[in-house]
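For the sequence shown, our numbering gives the first residue as 18, with consecutive numbering after it.
In case anyone wonders, no lab produced these hints; they're calculated from the structure. Some hints here could point you the wrong way.
Straight line, CA to CA, 27 Å or less: simulated DSS-like cross-link-like pairs of lysine-lysine [said to hold, decoys possible]: (1) K326 with K286; (2) K286 with K310; (3) K310 with K326.
The calculated label-pair distances, taken between Cβ atoms and stated as ranges, are [claimed, not checked]: (4) G248 with H459: 33 to 41 Å; (5) D343 with P431: 44 to 52 Å; (6) E147 with A388: 42 to 50 Å; (7) D455 with P549: 23 to 31 Å; (8) E218 with S268: 32 to 40 Å; (9) A126 with G347: 50 to 58 Å.
Each residue gets a CB set at the ideal place from its N, CA and C atoms; glycine is no exception.
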Amino acid sequence: MLVLQLQGRGGMACLQRRRPGTQGQGGRHDEGQEQGCGVTAAGGHGDSPGKEWVLALEGAPGGRFARLARRGAGLTIPGMDNPFLTRAEMLFFQARHADALRTARMGLALFPDDAGLLEIAGHCAAVLDEVDAAEACWARLAALCPDAAEPRNERAILLGRLGRVEEAEAEYRAAIERAPGWASAHSNLGTLLADLARDGEAEACFRHALALDPDSAVAAKNLGQLLLALGRFDEGWALHESRLRETPPVSVPAGAPCRFWQGEPLAGKSVLVLPEQGLGDEIQFSRYLPWLKAQGAARVTLVCRGAQKALFAGLAGVDRLLGLEDEADGLLEAHDYWTVLLSLPFRAATRADSIPAQVPYLHPDPQRQAALAPRLAGAGRKVGLVWQGNPAHSNDRDRSLPDLSILAPLWAVPGLRFFSLQVPAPAQALPGNLPLTDLAPHLHDFADTAALLAGLDLLISVDTSCAHLAGALGVPCWLLLPAWRSDWRWLRERGDSPWYPRTRLFRQPRRGEWGAVVADLGRALAEWAAGPSA
Numbered sequence: 018m019l020v021l022q023l024q025g026r027g028g029m030a031c032l033q034r035r036r037p038g039t040q041g042q043g044g045r046h047d048e049g050q051e052q053g054c055g056v057t058a059a060g061g062h063g064d065s066p067g068k069e070w071v072l073a074l075e076g077a078p079g080g081r082f083a084r085l086a087r088r089g090a091g092l093t094i095p096g097m098d099n100p101f102l103t104r105a106e107m108l109f110f111q112a113r114h115a116d117a118l119r120t121a122r123m124g125l126a127l128f129p130d131d132a133g134l135l136e137i138a139g140h141c142a143a144v145l146d147e148v149d150a151a152e153a154c155w156a157r158l159a160a161l162c163p164d165a166a167e168p169r170n171e172r173a174i175l176l177g178r179l180g181r182v183e184e185a186e187a188e189y190r191a192a193i194e195r196a197p198g199w200a201s202a203h204s205n206l207g208t209l210l211a212d213l214a215r216d217g218e219a220e221a222c223f224r225h226a227l228a229l230d231p232d233s234a235v236a237a238k239n240l241g242q243l244l245l246a247l248g249r250f251d252e253g254w255a256l257h258e259s260r261l262r263e264t265p266p267v268s269v270p271a272g273a274p275c276r277f278w279q280g281e282p283l284a285g286k287s288v289l290v291l292p293e294q295g296l297g298d299e300i301q302f303s304r305y306l307p308w309l310k311a312q313g314a315a316r317v318t319l320v321c322r323g324a325q326k327a328l329f330a331g332l333a334g335v336d337r338l339l340g341l342e343d344e345a346d347g348l349l350e351a352h353d354y355w356t357v358l359l360s361l362p363f364r365a366a367t368r369a370d371s372i373p374a375q376v377p378y379l380h381p382d383p384q385r386q387a388a389l390a391p392r393l394a395g396a397g398r399k400v401g402l403v404w405q406g407n408p409a410h411s412n413d414r415d416r417s418l419p420d421l422s423i424l425a426p427l428w429a430v431p432g433l434r435f436f437s438l439q440v441p442a443p444a445q446a447l448p449g450n451l452p453l454t455d456l457a458p459h460l461h462d463f464a465d466t467a468a469l470l471a472g473l474d475l476l477i478s479v480d481t482s483c484a485h486l487a488g489a490l491g492v493p494c495w496l497l498l499p500a501w502r503s504d505w506r507w508l509r510e511r512g513d514s515p516w517y518p519r520t521r522l523f524r525q526p527r528r529g530e531w532g533a534v535v536a537d538l539g540r541a542l543a544e545w546a547a548g549p550s551a
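Work out the full structure: start from the sequences and follow the hints.
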């Protein structure tokens with residue numbers, strides 16, 4: 018049968034054929050790492066297996082380890098003669114990062130200046146979130162290979178993750194000095210500058226990267242996201258489509274009649290809409306499905322994650338709803354076109370003043386509301402809290418609060434009752450002395466979350482899917498945003514959102530300074546609690 022699975026860094030849907038009883042193969046691409054999976058050893062020519070493997074790596078899209086090692090002047094242990102490097106490379110390309118890192122470290126204990134081992138250790142430590150260790154590997158590589166640009170580029174990525182942004186900028190510029198024609202280094206510098214809200218400089222970097230490499234999907238996507246953050250939607254949406262070249266969302270069988278929709282007339286046609294990126298993205302852009310239907314589509318099929326299937330039941334503009342793991346034999350063949358949710362704003366020519374922002378466009382299930390209502394019973398205004406997002410998110414350390422204690426000043430506001438909608442529930446039980454009721458045991462899917470959100474007077478949340486759900490339901494939401502890598506959809510310096518009219522934005526003044534945000538939040542909450550009820 019056919020099943021739908023997520024693939025790639027963006028988490029897009031992929032149609033893959035699976036034999037009954039087998040597991041699908043899901044790939045991943047890690048930040049700062051070239052894409053090159055599935056590399057196999059070259060056919061034997063009488064050389065050692067290690068040499069065969071290194072030769073295969075050198076010819077593969079991701080085979081950089083041996084090339085960098087050979088560029089390092091004075092490095093006398095080439096990868097083909099180093100069994101630790103051979104083994105570590107094999108483990109790395111099997112995505113066994115912990116094993117590869119362990120092997121690389123064993124080799125480095127004997128050969129501390131081996132560039133190939135340092136590179137593998139740097140990549141694997143970064144994937145495993147050992148950021149300090151990864152940065153040390155790349156710093157050592159930069160010293161060993163003073164003329165190489167790659168170690169400085171990789172180190173700059175890690176320095177940015179560590180918050181050492183001045184050093185990161187210097188390293189990116191050092192990489193560009195060594196390889197002025199390397200488009201990726203210019204694009205990466207642009208990303209750092211955009212994260213620092215140095216928007217004019219960032220735009221110049223992205224455009225220079227595209228001048229060097231007009232086919233760079235990453236640079237085009239990054240420029241598109243910057244322009245969207247600046248409210249320059251016309252060019253931004255078009256450039257944002259480049260993400261589909263970076264990670265193609267669907268493997269379409271040769272000869273399949275279903276084509277990617279590029280704005281062709283839809284009268285009498287059927288359209289398959291696939292999920293893309295995070296859960297919040299799916300909630301945010303599901304608002305475009307009625308627009309798609311209004312273009313004349315005879316039938317619209319939406320594919321979503323299982324946790325959202327009950328939530329999206331009855332969504333306007335959808336004729337058929339499927340979960341990712343539902344049987345899907347003949348799904349592509351049954352449609353004229355396919356698309357992804359995040360491409361719909363582009364096709365709708367969305368501007369900042371034409372966003373379809375009518376809320377609610379999602380609705381709670383009345384039966385679930387009635388069943389869960391006793392969990393919210395009692396006097397006082399009801400305030401929901403979500404203080405942490407998905408720990409696997411690339412910016413989680415900045416967008417999530419370190420812990421619940423940061424919000425302690427809120428407990429002093431009189432007349433309020435607080436409810437935790439934090440999922441998954443915190444590893445440690447919530448302190449019993451807090452005026453906080455834990456609703457996590459009752460949240461089995463997004464339909465449960467919607468039913469409880471609808472009974473609240475306010476949600477206070479970091480930037481995660483629950484905030485999008487509150488916005489889509491029309492529930493008032495106060496959203497806490499980081500200064501570093503604030504998402505493009507919240508634009509720049511605004512206290513409101515054109516996407517969600519009942520959402521208010523509280524922004525960090527500087528990276529890591531949640532205290533100032535909570536102080537503003539406390540004052541606003543006290544004023545709100547003393548005012549008339551909605």
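Going through the hints against the structure:
Taken as a hint, the K326 and K286 pair is honoured in the structure, with Cα atoms around 24 Å apart against an allowance of 27 Å. Of the supplied pair hints, the one linking K286 and K310 holds, its CA atoms being roughly 10 Å apart against a limit of 27 Å. At roughly 19 Å between alpha-carbon atoms, K310 and K326 fall within 27 Å of each other, so this suggested pair holds. Judged by the Cβ atoms, the range 33 to 41 Å given for G248 and H459 holds: they are separated by roughly 39 Å.
Separation of D343 from P431 is about 49 Å and conforms to the stated range, judged on CB atoms against 44 to 52 Å. For the pair E147 and A388, the supplied restraint of 42 to 50 Å holds, since their beta-carbon distance comes to about 45 Å. For the hinted restraint 23 to 31 Å between D455 and P549, the CB-CB distance of approximately 29 Å keeps it satisfied. For the pair E218 and S268, the beta carbons lie near 38 Å from each other, so the given range of 32 to 40 Å is met.
As the Cβ distance of A126 to G347 is approximately 56 Å, the hint placing it in 50 to 58 Å holds.
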